[in-house]
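According to this note's numbering, the sequence shown is numbered sequentially starting from 1.
Any given hint could be a false lead.
Claimed, not checked - Taking lysine-lysine pairs in the BS3-like style, the calculated list, with each CA pair at most 27 angstroms apart, reads:
#1 228 x 389
#2 389 x 307
#3 142 x 389
#4 270 x 389
#5 175 x 142
As the list claims (entries may be wrong) - Pair ranges (Cβ atoms, derived):
#6 394 x 184: 34 to 40 angstroms
#7 227 x 77: 36 to 42 angstroms
#8 382 x 292: 40 to 46 angstroms
Read the hints as simulated data drawn from the structure, not as lab findings. All residues carry an ideal CB built from backbone N, CA and C; glycine is no exception.
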Amino acid sequence: MRTRTILTVLSVIAVVAIGLGWLMIPGAWRPPAPPDGVATLQPWGALDMEDLDPEPEVGFERSFAAALAPEYARAFDVDHDGKPNYPLLALSGGGSNGAFGAGLLVGWSELGTRPRFKVVTGVSTGGLMATYAFLGSDYDAKLRQLYTTLTTSDVYTSRLIPYLTDALNDTTPLKRLIAKHITQDILAAVAREHSAGRRLYVGTTDLDDDEFVIWDLGAIAASNRTDKLDQYRNALLASGSIPYFFPPVYFEVQVEGETYSEMHVDGGAKAAVFFRGFMLDYEDALEANGLTHDDVEANLYVIVNSKAREGPEPSPVRPGISHIAGASVASLYNVVTTSNLYRMYVLAERNGIEFRLATIPDDYPLGDSKQFDTAQMSQLFSLGYELAKVGYPWLEAPPGLDPDELIKTGEAP
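Please construct the entire structure, taking both the sequences and the accompanying hints into account.
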């Protein structure tokens with residue numbers, strides 16, 4: 001009896017100690033962060049968006065202008081009228097719901113009208129499928145495999161005591177998955193397409209600077225650096241690292257000769273889908289090559305791996321910290337998506353770029369996008385595939401707009 005009492009007291013003391021530990025421990029260890037108030041250079045492979053460096057190693061405008069150089073135009077002059085037509089593709093986040101976008105791409109190939117995209121962008125799950133979307137229909141079998149055979153354990157495992165670390169889950173399985181799909185051969189294929197004037201970009205969020213960061217995966221693949229495979233994989237991992245749910249990814253930067261590490265997470269924290277930066281610099285990129293809007297044609301295809309409805313469907317939220325955090329992130333994601341789509345739509349129309357949008361049908365029953373159920377993902381993949389192989393009915397504007405918000409092509413917003 002006495003022994004049982006002692007064990008009970010020790011158990012209570014242990015629980016109290018752990019509870020106090022959660023309150024007192026400031027958080028998981030991290031590498032040294034860049035100092036405040038000092039201009040930080042981008043990690044290698046990330047694009048310089050602000051032109052802080054007068055001659056950046058890889059600047060966004062410089063990269064995009066190079067992609068429109070005359071020697072690359074002939075490959076996109078499909079009707080041989082001397083005017084290139086640039087198909088552009090933006091892939092959104094959405095976790096396991098990315099199976100819809102993957103199925104749509106494969107079904108599009110089946111229809112026989114899927115173009116060779118000039119530029120592909122991706123965020124989160126869209127970042128994971130972006131490489132195969134960029135490389136084209138020959139890689140559809142790999143895209144199908146990726147989004148119809150996954151299980152949750154292939155992506156992450158739960159941590160025993162997550163509150164003493166930097167995330168609820170461990171993404172070691174996701175690292176292995178990315179390493180399996182992104183090989184030296186894949187890098188070589190991406191590098192060849194980059195050298196032919198095509199561009200592949202994914203987005204992350206730099207939490208230290210509170211900025212959206214675009215990574216030039218083609219430039220990384222085409223570089224001579226020995227660590228290019230690791231950097232490519234890490235950019236994809238960071239793009240899909242949902243804050244709090246997955247741990248962040250750190251990238252080294254140089255500040256005044258010292259090495260620091262930036263904390264990067266899912267690009268969806270800033271942009272659920274992106275192409276806005278391109279269109280802001282579109283006119284400058286054309287001008288750099290002696291071109292005007294009349295000299296080129298462009299079509300922007302946006303695949304959003306969620307529904308077109310406004311706001312999340314009302315449903316009770318379970319009273320657990322992960323469920324509450326998940327519901328909050330989903331609500332924020334919806335607001336960010338709506339904002340991103342409208343800004344992209346306005347800029348596309350202003351620049352004479354045809355806007356085309358695909359979303360998951362509103363009446364389709366979706367599960368938890370953070371759970372990777374093989375059967376549900378296969379069904380969602382089949383939905384996208386079946387819709388696309390008969391000709392997807394692309395929306396010409398984001399849903400839910402007031403008639404006064406709709407604009408005509410080329411009209412100033």
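Tested hints:
Restraint check for residue 228 and residue 389: the C-alpha separation of about 36 angstroms exceeds 27 angstroms, so the hint is violated. Taking the CA atoms of residue 389 and residue 307, the gap is about 20 angstroms. The hint holds against a cut of 27 angstroms. About 18 angstroms separates the Cα atoms of residue 142 and residue 389, which keeps this hinted pair within 27 angstroms; it holds. With a C-alpha separation of about 32 angstroms, the suggested pairing of residue 270 with residue 389 is violated against the 27 angstroms cut-off.
The straight-line distance between the Cα atoms of residue 175 and residue 142 is roughly 17 angstroms, inside the 27 angstroms bound, and the hint therefore holds. Under the hint 34 to 40 angstroms, the C-beta atoms of residue 394 and residue 184, about 36 angstroms apart, fit the expected range. In this structure the hint that residue 227 and residue 77 lie 36 to 42 angstroms apart at CB holds, the actual value being about 37 angstroms. Distance hint for residue 382 and residue 292: a CB-CB separation of about 44 angstroms, consistent with the stated range 40 to 46 angstroms.
The structure shown violates the earlier hints numbered 1 and 4.
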